[in-house]
Amino acid sequence: MTKPFLILCLGNEVIADDAFGPEAARILLESKKLPSPVEVIYAPVAGFALLDLLAGRERVLIVDTIQTGHKTPAGHLSFLALSDFPASHNLTSSHQISLPTALELGKRMGMTMPRQIEILAVEAADLETLGGPMTAAVQAALNDAVSRAILWAKKASRSKNQ
Amino acid sequence: MNSIVIDPITRLEGHGKIHLFLTDDGELANCYFQVPELRGFEKFCQGRPVEELARITTRICGVCPDAHHMASAKAADAVYGVTIPSAAYKLRSLMYNAFFAGDHTTHFYALAGPDFVCGPDAPPAERNILGLIAKVGLDAGKKVIAQRAGGQRIIEIIGGKKVHPVTAIPGGQAKRITKEEQQEMIRIGESMVQFAKFTIQVVNDIVLANKTYVDLILSDTYAHKTYNMGLVDENNKVNFYDGKVRVVGPDGKEHAKYEPKDYLEFVSEHVEPYSYLKYPYLKKIGWKGFVDGVDSGVYKATPLSRLNASDGMATPLAQEEYERFYKTLTGDHSGKIPVNATLATHWARVVELVYACEATLDGAKDEEVVSDKIHTIPKGIVGEGVGIVEAPRGTLTHHYKTDEQGIVTMANLIVGTTNNNAAITMSIKRAAQDLIHKGVKITEGILNRIEMAFRAYDPCFGCATHSLAGEMPLELILHEAKTGEVLSTTWRDSTGKIFHQN
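Same order as they appear, the protein sequences are chains Z and C. Under this note's numbering, read the first sequence as residues 1 to 162, first letter to last. Under this note's numbering, read the second sequence as residues 1 to 502, first letter to last.
There are no misleading hints in this set.
With the C-beta cut set under 8 Å, the calculated list includes, among others, these residues of chain C facing chain Z:
(1) I60
(2) A110
(3) G141
(4) K142
(5) R148
These are calculated hints, taken from the structure and not from any lab test. The beta carbon of each residue, even a glycine, is placed where N, CA and C say it ideally should be.
Model the full structure from these sequences, guided by the hints.
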């Protein structure tokens, strides 16, 4: 049965700082500190493929890397609401639809989509080096990110029990 | 000279930049297209067992992992000098056609279709898959999702995993298929063929029935006469998984037809100082710059060029569509006159989608897919191998050398988008030349029409695997060339609003 709460770690384990998500998923799963209604998934996917993972969930925390292109230092963690990512009004992604568009599509197709999605994003420095290690600043943010994800999971779980 | 920079700032899918240099009287003088490339691939592969690469290289592209899995597996077969059993060949082909059916569906309905269904000048808020569904009907959205899910299910059955298949190994396949799974794949294949027919109807009713769109497809703004590359079977029909590489000129004459292992005799790579990405060209003709024509070595490897490089499609409905495509655009149904209109690539993709769906059904019905004889144990090692497949966005080449233990010592890739690097640059330049002039206000519609020039290639810039935002804001900065002073900045945010600052 689909668990109501999901920590969805996106990324790519073989590309430098993009390994942040999969590494966070590994630590979370090994921690055994997550309440039972919370599932952790690492998925190197985007666009339409996210629909399958999100359908039927109540709340979702997405752990991912981000490059804002501004002066945010690498390793900086941000908690973002989905509303911080406006719906994809432009067809400019090189091949996929965006997360907000995927969600809207799911809703219009009658799928049960999460009522709340939050994003725990780390500012990345290197997303281009295959087989490269995570940069030190991004690596250093891992433990903090995992702690925040566990906190999110516990709060989400409590909200279900209330 | 002034310069305009179109800077698409994607978050994770790469950050291509377009530089447009304008003369003092406001006309386009030159165009530079820059994209980032993943670094360190060769080093990443060196020292690994070659059989591992079919699983690892799926991670270098979140868009076409199946293509890398197949090209890598074929290269590894060649490294071990092993011919895979017929059943394994059929399983790989079946999975690969199902992958194409899903991938081409995404591109047509989510990325290309809205330009034609909603219109290239429609407000950005409407010009997307949601706008497309609003126009074509909610049922279309459900069909698209079901089509993609069907393709993924076949990949899961044969490839072991939905997204990143793992079952192609040197000598064949690692997973057998049950009769129940075969029946499920037949049902999916039948549904896919129905979807293909539905898509043909969408193209007919909404695109071809609108003369404005047909004129746009055929306009000089989006035309290039380059060579065309694609894999063909023994009858010169389009094949995605296997065959010889055929190259046909803009005049329709065959330039080359070669075995994948010989690719270095026919393709070379030009380097420009401003770009990480190389520019492959036809070696025997040579690099003559960013120009088209029979004397230029520039070639394209796209759905359109695959059709141009072939003599037709191997399935009946796709062959009908192939003939209609050429009859409509050249007046001759045979396909012997190449179509050089870049925007016709979208229609060509639909012809390929029809083929992929029919081939999936045919492949699923083949009794041999449930055979136990799916693997030949390699007994020696050649130490070098090339694997070529057609990725949805172009010919994909994996080339490995190994030591006697099968440990990789050299790896080279030419990915789909790289093949088209020169042609994409030329297409952007042509579109910009026609659209940007002195005194012309740069609107969102103009930005979109320039983007359409490269969107037709379905480019896969960064090979990163995911995108939360996925939007690509555009920024145009007009400089006074001599002093570098910024004269004005125009940008579009992710909601489609245009801002202008002097």
